[in-house]
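If you're matching them up, the sequences are chains A and B in order. When we follow the numbering used here, the leftmost residue of the first sequence carries the number 536, and every step to the right adds one. When we follow the numbering used here, the leftmost residue of the second sequence carries the number 61, and every step to the right adds one.
The set of hints was computed from the structure by calculation and includes no laboratory data. Note that the structure is a prediction, hence the values are computed from the model and not measured. Think of the CB as a built atom: it goes at the ideal place given N, C-alpha and C, for glycine as much as any other residue. One or more of the hints may lead you astray.
Covered stretches of chain A (chain B as the covering partner; in silico rule of three or more C-beta atoms under 8 angstroms from a C-beta of chain B) [to be verified]: (1) 649-658; (2) 703-712; (3) 811-821; (4) 837-849.
Once the Cα atoms are required to be at most 20 angstroms apart in a straight line, the calculated SDA-like pairs of lysine to any residue come out as [to be verified]: (5) A:LYS821 x B:ASP119; (6) B:LYS120 x A:LYS767; (7) A:LYS979 x B:ASP119; (8) B:LYS208 x A:GLY737; (9) A:LYS976 x B:LYS208; (10) A:LYS796 x B:ALA151; (11) B:LYS244 x B:ALA151; (12) B:LYS120 x A:GLY944; (13) A:LYS931 x A:ALA857; (14) A:LYS767 x A:LYS787; (15) B:LYS208 x A:LYS787.
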Amino acid sequence: MKRRLSPTLLVALAAVGCGGPKEGTALRSGGEAGAVAKGPAKGTLEVAAFQGGYGIDFYEKAANDYEEANPGVKIDVAGNPRIWEQLRPRLNGGTPPDLMFPGWGMDHWALAEEDQLEPLDAALDGPPDNGAGKDGTGKWRDTFEPALLKLGQLNGKQYVLPYYFNVMGWWYDPGVFKKHGWTPPATYDDLLALGPKIKAAGMAPLTYQGQYPYYMIEGMLMPWAFSVGGQKAVDDAQSLVPGAWKSPAMLKAASMIVELKTKGFFQDGATGLSHTQAQQAFLDGKAAMIPCGTWLYSEMKKTMPAGANLEFALPPVVKGGAGDASAILIGIEPWMVPSAAKNKTGAIALFRYMTSLPVAKRFVEEKGTLTAIKGSDEGKLLPVLAKPSAAFKASKAVWADQFRNWYPGLEKEVENALTAMLNGELTPEAFCDRVEAAAEKTRKDDAITKHKV
Amino acid sequence: MSRPLRRGKTGFVVSFLAPAVLLYAVFVVYPLLQALAISLYRWKGVSARKRFVGLENFDKLIHDEAALQTLGNAAWLLVFSLVAVFVGGLAAAHALNHKGRVARTVRGLILFPQVVSIVAVAVLWEFMLHPDPQMGLVNGALALLGVKAHAWLGETATALPSVGVAFVWHALGFYILLFLAGIKGIDGETMEAAELDGSMGLHRLRTITWPLLWSVKRIATTYLVINVMNVFALVILMTNGGNPDRHTEMPLTYLYEQAFENSQFGYATSLAVVDFALAMLLSLIVMAIYRKNPVEGRR
């Protein structure tokens, strides 16, 4: 009896198991340009936010203020440091929150590709919030920095909206530089000239977050490829144009990294350092400079030695290169409205309030990071943000490392090849060949959706 | 025994087994079958949209050098920990098999690393192995001996052995206790007889203790196979899940990368299916090797 029962049971269960996956289930409900939002939010609203270094208290406070300005609205804000893990099953099950900031662990382009996100173009053409929870004048779209808004688009549609953003660059301690009479290197030649002086003072000119090679990708490799070959060099690489990852610009950028390694500019053993270990080594004076984003201060302020200071500089450029010297690499922190959300107009209304100038200004002041809202940095600014903010405003070429989000597998291969190159296992040519091969693999893999800068 | 009674007994047994079987079916068998089904689909894991692709994921898998590398790394870690656990664990168990106060105290302390959370173990070793001799204990100690500092977790040759040391440090206490229990379980008469025949020290370890520990060895090996296949947090924390250049990448960290970073849940599930099959196969091989009680054969 038992023997006959079990295979039947297995087959039955297998049938249930196979019945699970559905093919081509579309969850799209809004129109082509997405939900339109005018006037205040109504009903109940659920917000899920990534609880990173900046917490979620600001969003909770904003929600409270919005509730007070618009009686009858009930907003629930929840967040935790791994919110994306909770959001995934909810998105799969078609019961997502209304507004979400899923954080770095969520592949939001996969969400957009699977029609899980509401296009926000119609909403952007509507009015902004006046900062008091009511409709303002003009277009919401025009309140954003255009270069940052563009980063939330796919196939001409706006799927995610930037809130705060980070600027990538090099950091140094102005006190240390002043004491030794050093100037932050504006060009690569300056760096080559400065390095021996720093070494003579008993410091490494540079350190890096070896266990997290993307800092070096965003702080050296890509900015230098940009500087040598111009915007086209990095755009082509990110858009997987054949040969772009082994272009002369990319090869030169890789060679520069190897040159610095050969000249002993990097802190010994930096390939083995985690991000916080490397950053601490820099703060402790083991190295004079480190590539990092504008979150560096908030991440490290608790362990900053007394008297230490941070100052930002753009990565040194290559003299005579095709790239604009003011180019700046930034990264946005995107918010989005799931297409299966129950209260999409409410979600949009709340986010319009959060992005209104007075609220965004408060965010900049309280959290010490820049936001994508024009003029939001005109209030009280954290001293370490003064230079990044000025560099952003002065930049004629604002761009982002987008392939990291589009093609995480390719990015991982760039990271691994970079580590191998730093460990002396790859020449710059071999590095480029290996990365180009990975780009070719990505190009050919039709399971991976393709993007264009 | 009369027939009605026997039938009553069957009903009795079935009624007691049913809840366990049902739970097992719902929470183990069903998810396994579902995993098998998902491995035949392209699925990004962010919506209900899936596309049936047959064996595409498995075809991709056998051509995936990184996936094969993770198996190589796991095999290396398994051999490394097997040697460390069998040599170190057995020697320590032998040494601790005394009634003295020192042995008793050490027996109490030996399990300490096992109680520490794997997260703490990873962070601890990350700092022990810090490349800067002023920060890392290992490089600091080596500096006293005049040995050059190494970026243990960043260099190709040392990264996986470093992870291996942390892994064994964490696990060893458990295996020492296991061997100790095994040694204590050996018949006192056998030991006495061996002693009377003049078998002492290494000779006795080789001819008496080692063969008589067959069941403990089987448990230890099976556990190690499972533990190595399950290495995840240690590598995620110590080497950001595989640095340098995938030299510490483990099957589970690679699976995680494919599913949660690359949004290829179908492919990740095919990796899970293969990992599961390999773990089963390895366990079966272990069972086959240690199948027989060698002592029984001699009697």
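Here is what the structure says about each hint:
1. Restraint check on the stretch 649-658 of chain A versus chain B: 3 residues with Cβ-Cβ distances below 8 angstroms, three needed, restraint holds.
2. Only residues whose C-beta sits within less than 8 angstroms of a C-beta in chain B count toward coverage, and the stretch 703-712 of chain A has 0 of them, not enough to reach three; the restraint is violated.
3. Proximity of the stretch 811-821 of chain A to chain B, defined as three or more residues with a beta carbon under 8 angstroms from a beta carbon of that chain, is established by the 3 residues found.
4. Evaluation of the coverage hint for the stretch 837-849 of chain A: breached, as 0 residues show C-beta separations to chain B shorter than 8 angstroms, against a requirement of three.
5. The straight-line distance between the Cα atoms of A:LYS821 and B:ASP119 is roughly 48 angstroms, outside the 20 angstroms bound, and the hint therefore fails.
6. Annotation: proposed proximity of B:LYS120 to A:LYS767 is violated, straight-line Cα distance about 33 angstroms (limit 20 angstroms).
7. This hinted pair checks out: A:LYS979 and B:ASP119 have alpha carbons roughly 15 angstroms apart, not beyond 20 angstroms.
8. Proposed proximity of B:LYS208 and A:GLY737 is supported: the alpha carbons are some 18 angstroms apart, at most 20 angstroms.
9. Among the hinted pairs, A:LYS976 with B:LYS208 is inconsistent with the structure: their alpha-carbon atoms are about 40 angstroms apart, more than 20 angstroms.
10. For the hint pairing A:LYS796 with B:ALA151, the CA-to-CA distance comes to about 45 angstroms; that exceeds 20 angstroms, so the pair is violated.
11. Proposed proximity of B:LYS244 and B:ALA151 is supported: the alpha carbons are some 14 angstroms apart, at most 20 angstroms.
12. As the CA atoms of B:LYS120 and A:GLY944 are separated by approximately 14 angstroms, the hinted pair is consistent with the 20 angstroms bound.
13. A threshold of 20 angstroms between alpha carbons decides the hint, and for A:LYS931 with A:ALA857 the separation of about 13 angstroms falls inside it, so the pair holds.
14. Taken as a hint, the A:LYS767 and A:LYS787 pair is honoured in the structure, with Cα atoms around 15 angstroms apart against an allowance of 20 angstroms.
15. As the CA atoms of B:LYS208 and A:LYS787 are separated by approximately 32 angstroms, the hinted pair breaks the 20 angstroms bound.
In summary, the structure is inconsistent with hints 2, 4, 5, 6, 9, 10 and 15 from the numbered list given earlier, while agreeing with the others.
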